[in-house]
Amino acid sequence: MLTKGNLLTYLIALLIILTLNFFLPRMMPGDPLMAIYGDEALVQMSPQLKADLTERFALDQSLAEQFASYWLALFRGDLGYSYSYNAPVTEVIFGRLPWTLLLAGLALLLSTAIGIMLGIESGWRRGGRFDSGVLSGMVTLSGFPDFFLGILLLLLFAVNLKVLPLFGAEDVYSGLSGFARLIDIGEHLILPLTTLVLARITGGYLLTRNTMIGVLKEPYILLARAKGLKPRTVKYRHAGRNSMLPVMTQTGIWMGLMVTGVLFIEVVFSYPGIGLLAYDALTFRDYPVLQGLLLVSAFCVLGANFIVDLLYARVDPRVSYAH
Amino acid sequence: MLKIEDLKVSFDGESILRGINLEVADDECLAVIGESGAGKTTLGLSIMGLLNGNTAGQINLGDTNILTLSEEEMRNLRWSHVAMAFQSSQNRLNPTHRILDQVAEPLIAHGKQEKAPAREKAAGLLEKVGIEPEKLSHYPHELSGGEQQRVLIAMALVNEPELLILDEPISSLDAKSQVEMIAFLRRAIAGRMTLLVTHNLSTAAKLASRTATLYGGRIVELGPTNLMLSQPRHPYTRALLRSYPNMTTVKDLQGIKGRMDRRVIGCPFHPRCTQAIPICREQIPALENHEGRLVACHRGGIIPALSVTDISKSFKTLKAVDGVSLVLEHGETLALVGQSGSGKTTLARMLSGILEPDAGEIFIEHRKAGQPSKDFHRTVQLVFQNPGEALSHRLTVLEAVREPLEVQGIGTRAEQDKAARKVIEEVELPTTEEFLDEYPHHLSGGELQRVNIARALVLNPQVLIADEPTAFLDSSIQAKVLKLLMNLQENRGLSMLFITHDIAVARKISDRIAVMHEGRIAEQGSTSQIITSPSSPHTQSLLDSAAGLHSDTEIARDE
Ligand code: SF4
Numbered sequence: 024m025l026t027k028g029n030l031l032t033y034l035i036a037l038l039i040i041l042t043l044n045f046f047l048p049r050m051m052p053g054d055p056l057m058a059i060y061g062d063e064a065l066v067q068m069s070p071q072l073k074a075d076l077t078e079r080f081a082l083d084q085s086l087a088e089q090f091a092s093y094w095l096a097l098f099r100g101d102l103g104y105s106y107s108y109n110a111p112v113t114e115v116i117f118g119r120l121p122w123t124l125l126l127a128g129l130a131l132l133l134s135t136a137i138g139i140m141l142g143i144e145s146g147w148r149r150g151g152r153f154d155s156g157v158l159s160g161m162v163t164l165s166g167f168p169d170f171f172l173g174i175l176l177l178l179l180f181a182v183n184l185k186v187l188p189l190f191g192a193e194d195v196y197s198g199l200s201g202f203a204r205l206i207d208i209g210e211h212l213i214l215p216l217t218t219l220v221l222a223r224i225t226g227g228y229l230l231t232r233n234t235m236i237g238v239l240k241e242p243y244i245l246l247a248r249a250k251g252l253k254p255r256t257v258k259y260r261h262a263g264r265n266s267m268l269p270v271m272t273q274t275g276i277w278m279g280l281m282v283t284g285v286l287f288i289e290v291v292f293s294y295p296g297i298g299l300l301a302y303d304a305l306t307f308r309d310y311p312v313l314q315g316l317l318l319v320s321a322f323c324v325l326g327a328n329f330i331v332d333l334l335y336a337r338v339d340p341r342v343s344y345a346h
Numbered sequence: 015m016l017k018i019e020d021l022k023v024s025f026d027g028e029s030i031l032r033g034i035n036l037e038v039a040d041d042e043c044l045a046v047i048g049e050s051g052a053g054k055t056t057l058g059l060s061i062m063g064l065l066n067g068n069t070a071g072q073i074n075l076g077d078t079n080i081l082t083l084s085e086e087e088m089r090n091l092r093w094s095h096v097a098m099a100f101q102s103s104q105n106r107l108n109p110t111h112r113i114l115d116q117v118a119e120p121l122i123a124h125g126k127q128e129k130a131p132a133r134e135k136a137a138g139l140l141e142k143v144g145i146e147p148e149k150l151s152h153y154p155h156e157l158s159g160g161e162q163q164r165v166l167i168a169m170a171l172v173n174e175p176e177l178l179i180l181d182e183p184i185s186s187l188d189a190k191s192q193v194e195m196i197a198f199l200r201r202a203i204a205g206r207m208t209l210l211v212t213h214n215l216s217t218a219a220k221l222a223s224r225t226a227t228l229y230g231g232r233i234v235e236l237g238p239t240n241l242m243l244s245q246p247r248h249p250y251t252r253a254l255l256r257s258y259p260n261m262t263t264v265k266d267l268q269g270i271k272g273r274m275d276r277r278v279i280g281c282p283f284h285p286r287c288t289q290a291i292p293i294c295r296e297q298i299p300a301l302e303n304h305e306g307r308l309v310a311c312h313r314g315g316i317i318p319a320l321s322v323t324d325i326s327k328s329f330k331t332l333k334a335v336d337g338v339s340l341v342l343e344h345g346e347t348l349a350l351v352g353q354s355g356s357g358k359t360t361l362a363r364m365l366s367g368i369l370e371p372d373a374g375e376i377f378i379e380h381r382k383a384g385q386p387s388k389d390f391h392r393t394v395q396l397v398f399q400n401p402g403e404a405l406s407h408r409l410t411v412l413e414a415v416r417e418p419l420e421v422q423g424i425g426t427r428a429e430q431d432k433a434a435r436k437v438i439e440e441v442e443l444p445t446t447e448e449f450l451d452e453y454p455h456h457l458s459g460g461e462l463q464r465v466n467i468a469r470a471l472v473l474n475p476q477v478l479i480a481d482e483p484t485a486f487l488d489s490s491i492q493a494k495v496l497k498l499l500m501n502l503q504e505n506r507g508l509s510m511l512f513i514t515h516d517i518a519v520a521r522k523i524s525d526r527i528a529v530m531h532e533g534r535i536a537e538q539g540s541t542s543q544i545i546t547s548p549s550s551p552h553t554q555s556l557l558d559s560a561a562g563l564h565s566d567t568e569i570a571r572d573e
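In order, the protein sequence lines correspond to chains A and B.
In this text, residue positions in the first sequence follow our numbering: the first is 24, and each later residue adds one.
In this text, residue positions in the second sequence follow our numbering: the first is 15, and each later residue adds one.
Treat the hints with caution; some may be incorrect.
What the hints assert, rightly or not - Taking beta-carbon pairs under 7 Å as the criterion, some of the chain A residues facing chain B (in silico):
{"#": "1", "residue": "P242"}
{"#": "2", "residue": "L252"}
{"#": "3", "residue": "R255"}
{"#": "4", "residue": "R264"}
Note that these hints are calculated values from the structure, not bench results.
Bear in mind the structure is a predicted one, so any value in this text is a computation, not a measurement.
From the three backbone atoms N, C-alpha and C, an ideal C-beta is built for every residue, glycine too.
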């Protein structure tokens, strides 16, 4: 069960991130407006606009008052205005976020699930042909950087074989709707998703396999066999369940890595999620968007960790007991 | 019926079981006892078909030799026909499943019952073994070690197996729960074929009708439990009994000399045996019938180290010793207790060859001891009452300890010196040149007595007769010298005849007690029996006059 103490940890982490988000641009040398708004804004900067912005950010006031108004804005859901997109930052980000959630969420789910399944099978047949085959495949796979894998897949399936689309999340101009649109979205998803899954699967697989090998030596496995249970039951109910526990703890940590993974993959496949957005914002030096992204991804990682914690407590009774 | 024939198990070339033959009748409980590492659990697991080592021989359950079954056939046999209450240990139960589910699981898995009735039955059993109803849905880590053990026992019974294997079933329970669990198990195993493996002899005594002692992968003694535990014949069974703390032994705990070594050739016990003879090192003794049980020993079990029959001695008109027969077994401490004038010192002097008896015979092992000879003194040595008198004041410590070797003409001077230094160290005296050159009158009473003991031991005797060895010492030194004698007895495997007027001291250090009165043996028996239920009035009066015998704690503390 999730306790108050646990929840507090998350709140504190969030507070720290939000506070840093306030201080970082203000600690940059030069005009804070420039630091906050970037080059693009300066081009359009009229004295009138400058006065507006100064007032808005309370830049003429003390740091404490600035901090207070920063928080007020946050509570209003106001992350500022993007001059390169000519839209409020929240609008820009939330327009892109669903695509990333779809891609990264599925990738995380699939890579963990497949990793665990293969790990259990491999550990059970340790030293056998299946195990050696999968193990060497995984180790080879982990040698490739994720964007390289992406480019490889892209060249093979989209450029050469032309069976899958080259870029984007859907065919915007085709005017598809309903089921046909879903299929289209699915087709666009396959390559980036596969890349991410392949890039992320090894960790979960190796961890599960190693744990499985250890778990199979535990006294309760001997007891399970002594009870005359079917090998399948021993493998999944008794060994498998205990073998996936460490992977679940790790998943929270891998979430952070997933963020950078997504950034590369979205760029490679021009997938219109927040990774690509971050890339563009970086090119335009659109600081408000970058800052907003920092907040949103921190939020997502924390949120996902939170969910993993909840799940973990359900799978491993010892966790709830420990608190 | 379970019939195990010539079962051999080895792992990576190391033999754990080396030819076990056992039978358990349909309604019988057989206990297999032995120290940890003797192969008890391996035996249990081999019957479950759960060993991945090399197995040879036969395990016949009814008409099937289960060693020939396929894995699938074995799987059907497990838990339905043969179930094992595993020893409770860390991670023995699956940490991620509720205990009720774990207990009900074999019922469901073997298709005996549907989920709901299975859980009901499991719950009933769990309650019977003493798990509170609100703990049924707990996970293992929420239970104490004792509760986990109960769960394992309930689990073993759930499918009502024909053969139940109990592996240390009460080791994690506290004293009160042990009593309850034994009572429960007695009911549960009534009419069921049961194999109990344990190092806990009182569990064996309470549950099993027959007991087998396992040592070094072989059965060394097998017989009715009460006989085995009251009069063990194999030196190892006796050693086990001796080292095991229970309510009926009163002697201070003693370990067994040495450790178990699996690679031994010949009798597996010979490196630790006090009565080993050359053949023990070469041939494995067969399990043969002796005194109502089977014993695997070339000498037919424990033999007497020193015995006398009908021995008498008179001084003028006084009959000091009047027709005494007494047996000192190998490796035991026998206390001869009596008031002064009871004749015990006279008896001791005859036994050590200083006095010649008027009538009667003395045997060393089975050989009759003739005229006191050099040979006799090599075997039997005496430690005198008054340490000062026994030592010549003209000899230094080293010379005094060396003297017996010189008299016997054993070894060169250098070898004698070396041997003397070694025993001096063994009796916990300093071996500095300064001390070795000391004369007796410079030594304290405790040191003098240790020098005496060293003198007695330097010839490597088998029997040590200690005549009131602590009479002249004050009580704190007394305790230390007693401790030393016990350690020497254990480490050297000595047979010791300990003569004392103080039954409280006798109780602490002896396996058996013989009470002497007016030149005769008034009563003899195991120490616990003599102390708790004396039959002779002379014993009773000794007990009454003994200091502090009734407050155990006091005695235990004066170590
Ligand atoms: S006397 Fe020999 S055979 Fe008997 S227990 Fe001792 S060593 Fe083994």
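Hint check:
1. P242: holds (4 Å)
2. L252: Given a least distance of 5 Å, the restraint on L252 of chain A holds.
3. R255: violated (11 Å)
4. R264: holds (5 Å)
This entry does not satisfy hint 3, going by the numbered hints stated previously; all others are met.
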